[in-house]
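Number of protein chains: 2
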Amino acid sequence: MQNFVFHNPTKVLFGRQTLAAIGSETRLLGKRALLVYGQESLRASGTLAQIKGHLHQAGVSCAEFGGIQANPLLSKVRQGILKVRAEEIEVIIGAGGGSVIDTAKAIAAGSMVAHDVWKFFTGKKSVRATLPLLAVSTLPGSGSEMNHGMVLTHDQSREKFGFGHRLLHPQTAILDPELTFSLPAEQTAYGAVDAICHILEFYLSTQDPDTPVQDRLMEGLINNGMEACERCLADPCDYEARASLMWTACLALNGLTAAGLGRIEMVMHLLEHSLSGLYDTPHGAGLAALLPGWLHHFARSRPERLAQLGAGLFPRSGTGDDRERRLNHCIEAFLGWLEAIQVPTSLEALQIPSQDHPRIAAHTSGLAKVWRMRQYSPAFFEDILQGCR
Amino acid sequence: MQNFVFHNPTKVLFGRQTLAAIGSETRLLGKRALLVYGQESLRASGTLAQIKGHLHQAGVSCAEFGGIQANPLLSKVRQGILKVRAEEIEVIIGAGGGSVIDTAKAIAAGSMVAHDVWKFFTGKKSVRATLPLLAVSTLPGSGSEMNHGMVLTHDQSREKFGFGHRLLHPQTAILDPELTFSLPAEQTAYGAVDAICHILEFYLSTQDPDTPVQDRLMEGLINNGMEACERCLADPCDYEARASLMWTACLALNGLTAAGLGRIEMVMHLLEHSLSGLYDTPHGAGLAALLPGWLHHFARSRPERLAQLGAGLFPRSGTGDDRERRLNHCIEAFLGWLEAIQVPTSLEALQIPSQDHPRIAAHTSGLAKVWRMRQYSPAFFEDILQGCR
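Chains as they are written, first to last, in the numbering used here: chain P, 383 to 771; chain X, 383 to 771.
Only chain P is shown next, with the shape it has when bound in the complex:
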């Protein structure tokens, strides 16, 4: 186990009717709130009206800032920062999925500095303070509601970067599984894939050979994510399944799974960020489409880890002497699960032709260089992409 610091101060309110606490919880953080949200679903489901009602009752004024898209954009964050200054906002609320909560984080941090907010994402500036932040999760997947990360896309360069800082933990996160009953099947599945890929990234990349606490935690969470996703797709209003998926996705990337594993470079996510930056692919769909290439890559580069994962997830692949066969069984079983939940499992399914591979690979290698991960050449990524046709 490698040395680590674990510090996650977010207060999580989990369960039925917890949204009702948003008024009093926000009031603890400030009296003038900016409410960041996405497209029309929050309004259509009635959640937006509920939130505004609870805030009003608690004496919190609320400026709306909607229209955040998947793969959120820098330009939108800059607008949000201007709005915070114009309306003397004291607290930011992000109510939605990872894109919304990440936008809320970027506004909360960007409002406190004179420089452009993009400098956080290219590593040129660090965070020193943020406005207080409350997150309401309506789409389990990113884990942003209880972590210190945020991801943003530059409108022109199409660079999509993640950035983490301890001050980006929301003060409070409200996780009410009933708010996810209305999620379309597609988004439910993409969210589950995202959460599972966070864990896969850690599990398959760690170089530490002796991390049984983390390994069992991660195997358990992947199993939960798969099982809960299937149950949610079978019955979108299965409260227990929605709760299981929501808590699993939250724990998958709240710092616990990675604690003790050493430095993890999140290379799978880096490549997907190219896809969603360049093609505006939904993040979970991009990850699913890339998984065939990644799993084959790990079968070559980290066969012992993939074999261990297979034994944990698909017990039937865990026995027998022929490791090659066990690895193939694990990959097939995993891809079979992706097909069962009806997510794309190839770049072709995303209408990304193979002649684009060099461009994607070069773009990803460029992203890697900005964060000083110089060992990842375009050829490295082209090789992965080859496996995803």
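Hints may be right or wrong, so weigh each one.
Each pair may be met inside one copy or between any two copies, as identical chains are not told apart.
Under the rule of at most 20 Å between Cα atoms (straight-line distance), these lysine to any residue pairs were calculated in the SDA-like manner [unchecked claim]:
no.	residue 1	residue 2
1	LYS393	GLY644
2	LYS465	VAL499
3	LYS393	GLN553
4	LYS506	ARG754
5	LYS501	GLY546
6	LYS393	LEU643
7	LYS393	ARG548
8	LYS393	LEU549
9	LYS434	GLN421
10	LYS393	ALA511
11	LYS501	SER539
12	LYS393	HIS547
13	LYS501	ASP537
14	LYS393	GLY546
15	LYS507	GLY544
16	LYS413	ALA468
17	LYS506	LYS751
Derived by calculation from the structure, the hints in this document are not laboratory data.
Chain P is already provided as a structure; the job is to place chain X on it using the hints.
Coordinates of chain X only, in the frame set by chain P:
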């Protein structure tokens, strides 16, 4: 899954040489520290001198408050509170096992009130503020280093009560596995049993039938605890094993395992608190001695949970149609493990004769009543004790 609030703001510094950070971390919390510790082992191992050196270097003055025993006493906490007031202490450091850290917590909370500190433990008063607290764990088991609980024994009445409040989380916890290399085998094993029993208590008592996230987490942690304990006993200086046990014990009772399980009454611990209150038994030894009775009790009252646990811990007991046989196999396998790590597995082994059972049962039922758990009669506890002869 039941509704829950999860909020654990403790910052954990985990790993080799992390003790060196105690100076700067304490300095963030205050300039005048009370250093609470136990018997002579902290001095003998050189850790005490190291701590004092680091504090001095960081400009923190340090008043020593040693001599805390296992099953810590109210009288000692009262002395500590007087010392805090006399020396105008600003921050409390607890360096040791659960008894030391719990004493430090009680001093940190008791120093802020005019009433007697025992009123917290009998539920007559709640905590409103504490002095800041830093914990250095040298004995994995209690989990006190990263949780909001504390346990104390009344010198005269021999009542031993646990009490929890969110303000009792240490601000900072330093977990350096190398500090546990010198732990005697007995204490290593007692600590592991304590950590595992925290999880067993949750796992076997929850009334919620659908908690897969928590179940997998708990099964993984129990497995880790058992495995790591065996490795530590085989080689006390096995860093990875010490690290695994330390992080397992911390996660076992930091709020995560219980989140979503609903109300858990900790009845196993209540009965053990009678033993250690009345006979000054080491807590882990008392738990081990009581486990035969508890496991048979749960085989009758919660057979489905015990069978599920058996399948998770001892795969060979998890198959076959005959549930009775599987339950017996699980109990035997677990008791066999306790014997292998050489902890007492009967009250006789602790020199507690069966004619004392009525007295212990009556005492425990009295403890239960103080916290309004009136359904637990002396007869209920006598029945458990019968199974532990």
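Hint by hint, where does the structure go against what was stated? Just the numbers, ascending. Nothing - there is no hint that the structure violates, so all of them hold.
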